[in-house]
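Protein chains: 2
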Amino acid sequence: MTSQYAADETRRWVDAFSEALDACDAAGAAALFGDECFWRDLAAFTWNVMTMEGRDEIAAMLAAQIDSVGPTAWRVEGEPNFAGGVLEAWVKFETKFARGWSILRLKDGRAWTLLTAIEELKGFEERKGPARPIGVIHGFYRREKTWLEAKWAEEKALGAEKQPYCVVIGGGQGGIALGARLKQLAVPTIILEKNKRPGDSWRHRYRSLVLHDPVWYDHLPYIPFPENWPVFTPKDKLGDWLEMYAKVMELNYWGSSEAVRAAYDEKREEWAVEVLRDGRRCILKPKQLVFATGAYGPPNVIPLPGLENFQGQHYHSSAYKTGETYAGKDCIVIGSNSSAHDIAADLWEYGANVTMLQRSPTTVVRSETLMELGFETLYSESALKRGITTDKADLIFASTPFRLMPQGQIPIYEEVRRRDAALYARLAKTGFQLDFGEDESGLMMKAFRTGSGYYIDVGAADLIAEGHIVIKSGVEIQRVEERSVALTDGSELPADLIVMATGFQSMNRALVPIISEEIADKVGKCWGLGSGTPGDPGPWEGEPRNMWKPTQQPGLWFHGGNLHLSRHYSLVLALQIKARMEGLPTPVYGLQKSQHTR
Amino acid sequence: MTSQYAADETRRWVDAFSEALDACDAAGAAALFGDECFWRDLAAFTWNVMTMEGRDEIAAMLAAQIDSVGPTAWRVEGEPNFAGGVLEAWVKFETKFARGWSILRLKDGRAWTLLTAIEELKGFEERKGPARPIGVIHGFYRREKTWLEAKWAEEKALGAEKQPYCVVIGGGQGGIALGARLKQLAVPTIILEKNKRPGDSWRHRYRSLVLHDPVWYDHLPYIPFPENWPVFTPKDKLGDWLEMYAKVMELNYWGSSEAVRAAYDEKREEWAVEVLRDGRRCILKPKQLVFATGAYGPPNVIPLPGLENFQGQHYHSSAYKTGETYAGKDCIVIGSNSSAHDIAADLWEYGANVTMLQRSPTTVVRSETLMELGFETLYSESALKRGITTDKADLIFASTPFRLMPQGQIPIYEEVRRRDAALYARLAKTGFQLDFGEDESGLMMKAFRTGSGYYIDVGAADLIAEGHIVIKSGVEIQRVEERSVALTDGSELPADLIVMATGFQSMNRALVPIISEEIADKVGKCWGLGSGTPGDPGPWEGEPRNMWKPTQQPGLWFHGGNLHLSRHYSLVLALQIKARMEGLPTPVYGLQKSQHTR
Chain W
4 MTSQYAADET
14 RRWVDAFSEA
24 LDACDAAGAA
34 ALFGDECFWR
44 DLAAFTWNVM
54 TMEGRDEIAA
64 MLAAQIDSVG
74 PTAWRVEGEP
84 NFAGGVLEAW
94 VKFETKFARG
104 WSILRLKDGR
114 AWTLLTAIEE
124 LKGFEERKGP
134 ARPIGVIHGF
144 YRREKTWLEA
154 KWAEEKALGA
164 EKQPYCVVIG
174 GGQGGIALGA
184 RLKQLAVPTI
194 ILEKNKRPGD
204 SWRHRYRSLV
214 LHDPVWYDHL
224 PYIPFPENWP
234 VFTPKDKLGD
244 WLEMYAKVME
254 LNYWGSSEAV
264 RAAYDEKREE
274 WAVEVLRDGR
284 RCILKPKQLV
294 FATGAYGPPN
304 VIPLPGLENF
314 QGQHYHSSAY
324 KTGETYAGKD
334 CIVIGSNSSA
344 HDIAADLWEY
354 GANVTMLQRS
364 PTTVVRSETL
374 MELGFETLYS
384 ESALKRGITT
394 DKADLIFAST
404 PFRLMPQGQI
414 PIYEEVRRRD
424 AALYARLAKT
434 GFQLDFGEDE
444 SGLMMKAFRT
454 GSGYYIDVGA
464 ADLIAEGHIV
474 IKSGVEIQRV
484 EERSVALTDG
494 SELPADLIVM
504 ATGFQSMNRA
514 LVPIISEEIA
524 DKVGKCWGLG
534 SGTPGDPGPW
544 EGEPRNMWKP
554 TQQPGLWFHG
564 GNLHLSRHYS
574 LVLALQIKAR
584 MEGLPTPVYG
594 LQKSQHTR
Chain X
4 MTSQYAADET
14 RRWVDAFSEA
24 LDACDAAGAA
34 ALFGDECFWR
44 DLAAFTWNVM
54 TMEGRDEIAA
64 MLAAQIDSVG
74 PTAWRVEGEP
84 NFAGGVLEAW
94 VKFETKFARG
104 WSILRLKDGR
114 AWTLLTAIEE
124 LKGFEERKGP
134 ARPIGVIHGF
144 YRREKTWLEA
154 KWAEEKALGA
164 EKQPYCVVIG
174 GGQGGIALGA
184 RLKQLAVPTI
194 ILEKNKRPGD
204 SWRHRYRSLV
214 LHDPVWYDHL
224 PYIPFPENWP
234 VFTPKDKLGD
244 WLEMYAKVME
254 LNYWGSSEAV
264 RAAYDEKREE
274 WAVEVLRDGR
284 RCILKPKQLV
294 FATGAYGPPN
304 VIPLPGLENF
314 QGQHYHSSAY
324 KTGETYAGKD
334 CIVIGSNSSA
344 HDIAADLWEY
354 GANVTMLQRS
364 PTTVVRSETL
374 MELGFETLYS
384 ESALKRGITT
394 DKADLIFAST
404 PFRLMPQGQI
414 PIYEEVRRRD
424 AALYARLAKT
434 GFQLDFGEDE
444 SGLMMKAFRT
454 GSGYYIDVGA
464 ADLIAEGHIV
474 IKSGVEIQRV
484 EERSVALTDG
494 SELPADLIVM
504 ATGFQSMNRA
514 LVPIISEEIA
524 DKVGKCWGLG
534 SGTPGDPGPW
544 EGEPRNMWKP
554 TQQPGLWFHG
564 GNLHLSRHYS
574 LVLALQIKAR
584 MEGLPTPVYG
594 LQKSQHTR
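Just so you know, the protein sequences line up as chains W and X, in that order. Sequential numbering from 4 applies to the first sequence in this note's numbering. Sequential numbering from 4 applies to the second sequence in this note's numbering.
Derived from the structure by calculation, the hints contain no laboratory data. It is possible that part of the hints are untrue.
The list treats identical chains as one, so a pair stands whether inside a single copy or across any two.
Unchecked claim - Restricting the straight-line Cα-Cα distance to at most 27 Å, the calculated cross-link-like pairs of lysine-lysine (BS3-like) are:
(1) Lys388 to Lys125
(2) Lys395 to Lys131
(3) Lys332 to Lys148
(4) Lys148 to Lys324
If we strip away everything but chain W, and leave its shape as in the complex, we get:
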C-alpha cells in the first residue's frame, strides 16, 4: 500500500465516520467497524473508562451519548502507517466540551480498533508551554502578595476557611501525579499522606529495593526524569524525586495526616472527611474523594495455625525493612512474587539461611530480556529516537483493547522462553514452579488480571538456581512451632523469622475502616479484567474494575497503579473531576457494576 493510498483510505473512513456522527446516525457509524471491532474510550465519549466490543455495543453507546457529547472536527494528523494488513492513524477530534486524541486501526477499510482519549477541556486548558503563566503582574501595586506570600496564604486557608474541591487519600506516586494534574487544572485539592514527607512510602521499604521497570516507563507528568537518571531507580532516589516534585509542583500536601473516617452527605453531595493531621483532628468537606492508597488494598495476611506460640519474628512483607539482624538466622519467606524474591535475596545478602515457600507457579522474566522484548518498542531510548515520546507511548499502549492484549503478548513470551531457556532449566531443577499464565500471555497480563504471580528477575532467580535461596514448592505451613514450621509434606524447618509475602487485598477493602463495609461492597472489587483465569473471575469487564472512573458511590474514585498507569490515567481522572467542578454535563455511560466484593 502506498503512503498516498494509505492516507486516502484513512481520510475516506474518517470522513464517513464524521458524517455519520454529524447526522447522529449511531448505526451508520457502527457499520463502519469490522466484524471484530473494539472502541476504547477514555472519558471522551462515555465519561467513563470502558471498551465497547462489537458493532452492537458501539451502536448502543453512540445512541446514548452522541447528542450530549457532540463529536466533531476529526482531523488525521501525520502519515498513517500500514503494516501487517493494518492501517494505523492518529486522529484529533473535539467534542462539545473537550479535545481529544484518537488512534484508529483499519483492516480492509473497516475499523478494527479505535481509541478515543480526552486530552483537555475547552475553556479550561492547562497553562503550559505558550500558555504558561506570566508569573508576575508587571507594574507595582500596593500591598500585592508576592508568590511566596500568596502560597503561604493558600496553604493556610485551604482546609480551614476554604474547603478543597477534592481530597486525595494517599500521597505516593499516584496521589502526587493526580495532585499535579489537578493543580494544573486549578482544582483546589489536598493530598493526605500518613508518612511525614512525600517519598517516604518508598524510603520506608526494604533497603535493597530498586524499581524493576526502566526509567522511560516511569516518568511523572510535567517533569520527566533528567537524561542522566539511572535506568533503574533506587527507592530512596525515587523518594527524593517525589519530595522535590511535590514541592516544585506546589501541591497542597499534608504529611503526617491520616483520614480516619469519611461519610457522604447525599443531599449536599459532599464528603465529611475526618483527618488527623499531626495528631490534631479536623474535618474536610470535599465534593470528590479519591483513594490513591497504592496499587493494592490492605495486606493479605493468611492464618498460620500455631503462630501464637512462635518465638521468632513474623510479619507481612510490607513491614519488612532489612535483613541486617538475620545473619546466620533461619528465615522462611512465604510466597514467590516480586516482594518474596527481593526479600529472600536481601536476607541472603546479610547471611541468613533463606527458604522460600512457593504456593503457586510464578512467572519469572529476566529484567534485561523484558527491557528488550517488552519495553523497547514504546519505552526506551530507541523509541525516543523514533519519535515516540512518553505521551505518545502512553496513548499507543492504551489503544490496544484488553481483549486483544494477550495475543500480542504470547509471542513475546515464546521468545522469552527460548532466550532464557538455560535459566529456566536451572530453576526447574530446584523444584521452582514456573509458568507464564494459563494462556501463556506472561507477566503483564498477570499484572492486569491479578496484580500478582510474577517476578522481574534482577538476580534472585540466580540465587535460587544456585541453591543459595532454598525452594520448597507445592507445600504449605501445617503448623508453626516455637522455633520451627511443620510443612504439609511432613518435613520441618527451623525458623527465626517468617515473612508473609502473601500479597494484598483489593483496593476497595481500604474503604472498610474509613467509610464502611457496605460502601466497599457496593463499589466492589478494584482491578482485574474478569478474564476467567485463576484469581480473576468473570464476568468479562474489558477494563480494570473501578480504576480512574466513576464508581457506584457518587464522589468516590480510585487512582493508582505503577508509575506508568499513575502518570497516564491521572490526566483522565483529573479531567473528569475538573469537568464536574465546572458543572459541565458528564453523563456516565456503562457505570461499573459490583460483581465481586473482594
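Since the structure of chain W is already known, use the hints to place chain X on it.
Leaving out everything else, chain X in the frame of chain W:
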C-alpha cells in the same frame, strides 16, 4: 542561492579547511577566512575562551596549537542556511581529545565568523541518554552498598579521608550549575555556600524580586524548568528549584560553610582552603579552586560625607530585604540600575516617600518589548517551535564575536525607542536621564561591558513617570545630616533611609580577603570587554576578562553570570577542569593578562 548550491559551497570550504589543518598548514587555513574575520574558540583549540580577530591572529593561534590539538573529522550537519549574503552551517569536529560543535558563517565563499566549542572529552563522555547509568548491578552481592548508603559514604569521606579535586566557592546558580556538570564528569567536588540551603542567596533578597529574564533563557543544565513554569520566576520559587536541583543532582553541597583563607602551594600544585563549616574549622586540599561568588564582587560602597551623624538607617542594596517598616518614611535610593528601581518600587508599595538619585544615564527597556525584540529569536516558545533548543540557542548566541555584537544590537534599540517612545517621553519629563550606551547598542552590551547602567522595566518606570518615585538626576549627596541629605544642587531632602544601590566591585576583589591583594591584582579585573566605552577601559580584549578560563594564577578560576551564562559556560569550564584531572595535555593559548586591578 539554492539549497544544493549552499550545501556544495559549505562542503567545499569545510573540505579545504580540513585539508589545510591535516597538513598543519596554519597560513593556508587562515587564508580561507575573509578580510574581516573572527574565530571564537571555547576551549576546543586554545584551551581558553578567546576570539581571534583577523587572519594573522588566526594563523598565529593555529601555528601554536594545531599539533597538540589535532583537529579532524569535520562534518557538516543539517542544511546550511543562506540569508542576507551570509551562509550559516553547523559543523561537527573532533580533536585528539575532544568532540566539538562549530558554527561557520561564510561570505562570498570565505569564512566571516567561526565558532569552535568543546562539547565532550573522548573517553570521558557524560553518562546520559543512551549511556545513562543502569543504576543497579543486577545480581545480589553480600554487603553491597545501596544507592543511599553509597551516597552517605561519599558525603562522609569527601573532604575528610578523600580530598576533592575541585572546590567551588559560592553555591548560587553558578556554583550549582558548575557542580552539576562536574558531578556528571565524575570530578570530586565540594561546593561551599555561606547560606544554609541552596537557593537562600535568592530567598534572602528583597521580597518583590522576580527574575527579569524569561524562563527560556534561564534553564539550568540537565533539568529544564517544566512547561508549566511561569515566564518570570519569583525569587523564592527559584530558591526552591535550586534546592531541589542540588539534591536531585546529588551535589556535595556544604551549606553554612565559608572559605576564610586559601593559599596555593606551587610545588604540590594544590590549594589549602580553610573552611568554617557550621562553625567548625577544616582544611580542604583541592587542585582547582573556583570562585563562583556571583556575577559581581563585593558591594561597591561610596563614601558619604557626614554619614556617621545620620540618625536613620543606611545600607547597600544587597542588604535590602523589604519596605515593610518604611510606610510614610522618607527614603533615598542612590543609583538608578535594576536594584535601585526594584527597591524604589518595593518601598513605594509599602507607602514610603521615595526619591531616586540618578548618578548617570540609564538604559531602560520594557520587559515585554525586550522579550519580543531581544529574546524571541533564540529563547522563546516560538524558537522552540522552530527547533532551536536551549543548547542550540546557547551555541548560536556564542557564535557572534563580541566585536560584531553591537552592530547587531543597534537596530534592535532603534525599534525599542520607536515602539516605547511614549514611555520614554514621559520619563524624560521627570528629568530621568535615559541612554542606550555610547554607541546606542543598548542593554546587553552594557551588561557585558560594565554589568551596570540598565533596568529591564517591569513597572517601576511607570511609577517614575507618574511621579510616585521622585527623580533627582545629575546630583550627588554633598553631605548627610542627622535626618536629611544635602545635595550638590543646594537642595535638601528629609531622609529616614539611605539605600546605596551603587553596584559592585569586580569579582577579583573577592580574592582579597580570602587569598591576597597580590593575587587579586595579579589575576586582574573580571568581566568587561575592553571596549573603551565609559566604565570599560581598553585595551580591547574581545572576551569577558577572566571568566570560565585559565587565569594568571594556576588552579584558580572564575565562574558566574546570569542563568544563561552560568548554564552554558559551566560546560566549557567543567571540561577544562576534567581534562586537567585526567592529565590530558591542555596547552593554553593567549592566557588572559591583567590590565586592570579593579
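Here's how the hints hold up against the structure:
1. In the homo-oligomer, the alpha carbons of lysine 388 and lysine 125 lie at most 27 Å apart only across protomers (23 Å), although the nearest pairing inside one protomer, at 32 Å, exceeds that limit.
2. Both within a single protomer and between protomers do lysine 395 and lysine 131 lie at most 27 Å apart by alpha-carbon distance, with minima of 18 Å and 22 Å respectively.
3. Taking CA atoms no more than 27 Å apart as the test, lysine 332 paired with lysine 148 passes between copies only; the shortest distance there is 21 Å, against 61 Å inside one copy.
4. Only between protomers do lysine 148 and lysine 324 lie at most 27 Å apart by alpha-carbon distance; the minimum there is 15 Å, versus 45 Å within a single protomer.
No hint from the list above goes unmet by this structure.
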